[in-house]
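Q: Work out the full structure: start from the sequences and follow the hints.
Chains as they are written, first to last, in the numbering used here: chain P, 890 to 1177; chain S, 6 to 419.
Derived by calculation from the structure, the hints in this document are not laboratory data. Everything numeric in this text was worked out from a predicted model, so none of it was measured. Wrong hints could be hidden among the right ones.
Stated by the list, open to error - As a list, the in silico DSS-like pairs of lysine-lysine whose alpha-carbon atoms are at most 27 Å apart:
(1) 112(S) with 1166(P)
(2) 1166(P) with 193(S)
(3) 1130(P) with 982(P)
(4) 1077(P) with 979(P)
(5) 1166(P) with 285(S)
(6) 1166(P) with 277(S)
(7) 225(S) with 1010(P)
(8) 112(S) with 193(S)
(9) 982(P) with 966(P)
(10) 1141(P) with 306(S)
(11) 271(S) with 1166(P)
(12) 1077(P) with 1012(P)
(13) 1077(P) with 1010(P)
(14) 38(S) with 262(S)
(15) 225(S) with 966(P)
(16) 225(S) with 1130(P)
(17) 1166(P) with 347(S)
(18) 1048(P) with 225(S)
(19) 1141(P) with 38(S)
(20) 1130(P) with 306(S)
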Amino acid sequence: MSLDRRDFLKTIGIAGLTLCTPDILKAGKSKDSDREFRGMLYDSTRCVGCQTCETLCAEAHGLPPPVGELKAGVVRKTDDQHRTVVNCYKTSKGEVFIKTQCMHCNEPACASACLTQAMYKTKQGPVIWSGNKCMGCRYCMVSCPFDAPKFEYHSANPKIQKCTMCYEKMAKGGIPVCAENCPAEAIKFGSRREMLAEARKRIVENPDTYVDEVYGDHTAGGTGFLYISPVPFSELGLNTKIQNESYPALSKGFLYSVPTIFVLLPPILLGIYEATKKNQTHENNETE
Amino acid sequence: MKTMKPNNTALPLSRDSSKQSIFRFILSELKPKGKIFTPFNIISIPIILTGIVLIVIRFIYGIGSVTNLSQEVPWGLWIGFDVVTGVAFAGGAYVITFLVYILNREKYHSIVRVTVLNGFLAYVFYAGALLLDLGRPWNVVNPIIGNSFGTSSVLFLVAWHFLLYMIAELIEFSPAIAEWLGAKRARKILSGMTIAAVIFGITLSTLHQSGLGALYLMAKDKIHPLWYSEFIPVLFLVSSVFAGLSMVIFEGAISHKVFFKQISEKNQTSQKGIVLGLAKICAGAMFAYFFLQLLVFIHQKRWDLLDTPMGYWYLLEMLGFVLLPMILYVYSYKKSNINLAKVAAIITMLGIILNRLNVTVIGFRWDAAIRYFPTWMELAVTLTVIFTEIWIFRWIIKRMPVLSEPPSWAKENK
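A: Below, the structure is given as structure tokens:
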């Protein structure tokens, strides 16, 4: 089949259009609200330490019930059987409770660390794990500044356990069990933007109750889980040394250098090889 | 090992031998040569057997049943030593191939094969040890076969590079296998691929030697600040040069004792020049490394950390295991003292072990209430990996023309 110039240009044009249009259509259709990450706001002035969230989380995900006594000064940690834990701290304003779980970062270190995309950030916001891709290297655990992913060390078929923000429930229009059932309404669920606005509103309306800071607003580049509290966050065992830039940014410089080196080094080596080879034959000629 | 037959490189196969005789030849080669009850065998066999039992236990009851790894310290000895340190020691292969094939320094040609073989086996075994550490090893092909490319991951890059580099090193080494099998045509084709494999291999090495350091870039808050900086990748790359070459010197010293009979006379006399040349390169690379460490240290203003236990540990590493062996290397080639170079090589290697462990294990979560310390079982499995590698290395050395001269037909082909 022969193709003259006109036909060729037409084909190119059509191909070009078909390549462009889906994106154009998509851009027209989608709105910001469709893309917005879901988030959660935890208000430690409201939390009473009833552990309902712990118990129901365990039930919802088929895990054993909470262990250890919740009391001031005792720090319990999330592990491969407990996705969320509430602790109590003696602070400058008396005993304050704090819930810990995965922070669902905007730019999660764990997901960028994962070499199989088993750990990933969903469009809705939760960071979740899929077992059929994971090879169990635990690089997500090394990378996560919050130590959120937990590994089942005593299993021949180990899984990574962490809070999923009840992703499956959420996909069907539900809300995470902890937010749904908190009797003190300490946990609120919604879009991250709304949660941030709500947090600021509470702080502005009650300046004496809260410290003027939202943990997770900028922490690690912004997280899906946000905290407000009556005392500085360092008193509640939250890591306040975590940088405000996202963690994947730390290895970006290295990753950007890879294609450069990969493209430039071989020709340089080849050049040196040719140069030294010629020298050698030249020397040989001289000695002969 | 001393009673070994003097010449194993004579090739019983002619070019037109049938497939059946190749099979029979390989079968006969599989049999052990030399004494069975050597000190090395007596030590290594029980350890390897124990290691195999532990590996079985690990796969039945999970990683936690044999290791001390925790939710806070997910990577321990198997990654920090076997993989990160082992690969640094395997760096000799890319440096030596660079010297010989790219810079055409013929002086080092006689050690190319043994270094590449060492490098190849190190990758197979130490990167292979990674499989033991994987919780779900059946998914190990996922980043390779393409159903899930985690391209934003440094580990993705490292995994691909390990695989590709193993292939490149196998190609670099393959002429020796062809000579062993007496496959003349195959040897010619494989030799023709050497330069391409070398260039590809050096590029890959540059990236994954630094990549192993880059793995830890995201663990910013977990590594002691004296060992964490954005320059970890560069420091790892530069130190892999002298780590690899020190390993070459060390391994050469042992090979010259153990495999004395395999080494051709020509190579025995050239050894001194090689060692001193490598000592000089090591000293240069170590100077660059030391200077870089100093810059990083000053740049990050870590003076206050020096007067702490970790600070003394850091000074010990920098002064005792970088500066001291560097000076010894300089002396060794100034005074043409080959034994001094060997001592320097050993201290350098200890320094590399120290440095890699400081980043990956000792300095990792240095402030945790409960520190990670490997179990005896982790240690036994690590030794199993090392000893098995030495067994395979010995098997190959005694059969293929690695330290010995290639068969006469192979030289003519050149």
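Q: Confirm or reject each hint.
A: Now the hints, each set against the structure:
no.	hint	verdict
1	112(S) with 1166(P)	holds, 15 Å
2	1166(P) with 193(S)	holds, 20 Å
3	1130(P) with 982(P)	holds, 22 Å
4	1077(P) with 979(P)	holds, 24 Å
5	1166(P) with 285(S)	holds, 23 Å
6	1166(P) with 277(S)	holds, 25 Å
7	225(S) with 1010(P)	holds, 21 Å
8	112(S) with 193(S)	holds, 23 Å
9	982(P) with 966(P)	holds, 23 Å
10	1141(P) with 306(S)	holds, 24 Å
11	271(S) with 1166(P)	holds, 24 Å
12	1077(P) with 1012(P)	holds, 20 Å
13	1077(P) with 1010(P)	holds, 20 Å
14	38(S) with 262(S)	holds, 17 Å
15	225(S) with 966(P)	holds, 21 Å
16	225(S) with 1130(P)	holds, 10 Å
17	1166(P) with 347(S)	violated, 32 Å
18	1048(P) with 225(S)	holds, 25 Å
19	1141(P) with 38(S)	violated, 52 Å
20	1130(P) with 306(S)	holds, 18 Å
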